[in-house]
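Below are the chains, spelled out letter by letter.
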Amino acid sequence: MKNDKPRKNAFLMFIHKMGSPPWFYNFTGKFVPWLWAGFTVLTIWGLYLGLFKAPPDYLQGESYRIMYIHVPAAWMSMLIYIVMAVMGFIALIWRVRTMEIMAMNSAPIGAAFTLIALVTGSLWGRPTWGTYWVWDARLTSELVLLFLYLGVIGLYKAMDEPRKAARAASLLALVGLVNMPIIHYSVKWWNTLHQGSSISMTGSKIDPSMLWPLLIMAIAMKFYYGANLITRSRITLLEQDLRKGWTRDVIEGTAGEHKS
Amino acid sequence: MNHAPFIWGSYVISAIVLLWAALAPLVSKRTIIKNIRTFNQVREQSK
Numbered sequence: 001m002k003n004d005k006p007r008k009n010a011f012l013m014f015i016h017k018m019g020s021p022p023w024f025y026n027f028t029g030k031f032v033p034w035l036w037a038g039f040t041v042l043t044i045w046g047l048y049l050g051l052f053k054a055p056p057d058y059l060q061g062e063s064y065r066i067m068y069i070h071v072p073a074a075w076m077s078m079l080i081y082i083v084m085a086v087m088g089f090i091a092l093i094w095r096v097r098t099m100e101i102m103a104m105n106s107a108p109i110g111a112a113f114t115l116i117a118l119v120t121g122s123l124w125g126r127p128t129w130g131t132y133w134v135w136d137a138r139l140t141s142e143l144v145l146l147f148l149y150l151g152v153i154g155l156y157k158a159m160d161e162p163r164k165a166a167r168a169a170s171l172l173a174l175v176g177l178v179n180m181p182i183i184h185y186s187v188k189w190w191n192t193l194h195q196g197s198s199i200s201m202t203g204s205k206i207d208p209s210m211l212w213p214l215l216i217m218a219i220a221m222k223f224y225y226g227a228n229l230i231t232r233s234r235i236t237l238l239e240q241d242l243r244k245g246w247t248r249d250v251i252e253g254t255a256g257e258h259k260s
Numbered sequence: 261m262n263h264a265p266f267i268w269g270s271y272v273i274s275a276i277v278l279l280w281a282a283l284a285p286l287v288s289k290r291t292i293i294k295n296i297r298t299f300n301q302v303r304e305q306s307k
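Line by line, the protein sequences give chains A and B. Mapping of the first sequence onto the working numbering: position 111 corresponds to residue 111, and the numbering continues sequentially without gaps. Mapping of the second sequence onto the working numbering: position 9 corresponds to residue 269, and the numbering continues sequentially without gaps.
Extracted from the complex, chain A is given alone in its bound form:
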């Protein structure tokens, strides 16, 4: 019990520091090149294994290779929405500005992944189902997710005061969470054309030679999200704090001399 207090203080200190724009800008900036590098290396590795080394599927032939972008994008579309809603919740309760900024910058990235999931799913559907689109529960709920992202982006952009806009959009993001279990369980609750999950917490029905590239691509997309989110959030901070001294110090490269 004696060790708990310093740990808790260190954690609170970190959260407190994260709320400081200059500290957030300088601290997160160190990770950006590493995250982009990780994304690039993992993507090249994952695509090489998935597109050139993995064998064709016995039923779908070569078309299953769309899985290596479609599935990670679909996973990211849901993960980013949940992360955005959690950050929006923190922003609403504790009014941490960096959290508001990160929540709002998650929306365009999540929308991009949702769009990729929908388009690649459509292109995968044509050779396997014989159609680009059906109004089944999984596809429709994923389309609703895209509209939710667009709603959050639109609401945030529609208001002049960014902090008020972020809180309103965070509330919408929280309401939209109801769509998450619908997307996930749609293939169980309804009789859909979309196949059920091949990967669960207990195991996978996919052969390891096909599974590993998928997992590598899934990790690569998380690196992409991290790098893109930090990049966008740092730019938004600069934009919002345009008239503050720390932005000048950062641009002129004298950030170390400025005490925040």
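In case anyone wonders, no lab produced these hints; they're calculated from the structure. No experiment lies behind these values; they were computed from the predicted model shown. Treat the hints with care, since some could be wrong.
Claimed, not checked - Each computed DSS-like pair below joins lysine-lysine, with the alpha-carbon atoms no more than 27 Å apart:
#, chain 1, residue 1, chain 2, residue 2
1, A, K205, A, K157
2, B, K307, B, K294
3, B, K294, A, K244
4, A, K53, A, K157
5, B, K307, A, K157
6, A, K205, B, K307
7, A, K164, B, K307
8, A, K17, A, K244
9, A, K244, B, K289
10, A, K30, A, K17
Unchecked claim - Coverage of chain B stretches by chain A, computed from C-beta distances (three or more under 8 Å per stretch; other residues unrestricted):
#, region
11, 262 to 268
12, 271 to 281
13, 286 to 300
We treat Cβ as the ideally placed atom computed from N, Cα and C, and that holds for glycine.
Go by the hints and put chain B onto chain A.
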């Protein structure tokens, strides 16, 4: 049915979307940095 156009089409579209999502904020960063520099120049001159 030849699957290649569907596979490569998927990856090309995904690459375009991901590149756009990554590069779009960098374009606005240029403008923001320019605005910060202009603001600071005006402030220095008015001192």
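Under the criterion that the straight-line Cα-Cα distance not exceed 27 Å, is the pair K307 of chain B, K157 of chain A satisfied?
-> Answer violated: K307 of chain B to K157 of chain A is near 35 Å, above 27 Å.
Starting from K205 of chain A, check that the Cα of K157 of chain A is at most 27 Å away, please.
-> Between K205 of chain A and K157 of chain A the Cα gap is close to 43 Å, so the pair fails against 27 Å, i.e. violated.
Taking 27 Å as the top limit, are the C-alpha atoms of K244 of chain A and K289 of chain B close enough?
-> holds (16 Å)
Proposed proximity, K307 of chain B with K164 of chain A (alpha carbon, max 27 Å) | Not OK: K164 of chain A and K307 of chain B at ~33 Å, beyond 27 Å, violated.
Pairwise hint evaluation, K294 of chain B against K307 of chain B, where the allowed Cα distance is 27 Å at most = holds (20 Å)
Do the alpha carbons of K294 of chain B and K244 of chain A lie within 27 Å of each other, as the hint requires?
-> holds (15 Å)
Decide if the proposed pair is consistent with the structure: K205 of chain A and K307 of chain B, CA atoms, cutoff 27 Å inclusive.
-> violated (70 Å)
For the pair we were handed, K17 of chain A and K244 of chain A, check the Cα-Cα distance against 27 Å.
-> Within the cut-off at roughly 18 Å; holds.
State whether the coverage of the region 262 to 268 of chain B by chain A holds or is violated, taking the criterion as 3 or more residues with Cβ-Cβ distances under 8 Å.
-> holds (count 4)
Mind checking, does the region 286 to 300 of chain B have 3 or more residues with a CB under 8 Å from chain A?
-> That given contact holds, which follows from 10 residues of the region 286 to 300 of chain B lying within Cβ reach (below 8 Å) of chain A.
If you draw a straight line from the CA of K53 of chain A to the CA of K157 of chain A, is it 27 Å or shorter?
-> violated (45 Å)
Within the assertion that chain A covers the region 271 to 281 of chain B, do at least three residues meet a Cβ-to-Cβ distance smaller than 8 Å?
-> Per the Cβ count (7), the hint holds.
The earlier numbered hints that this structure contradicts are 1, 4, 5, 6, 7.
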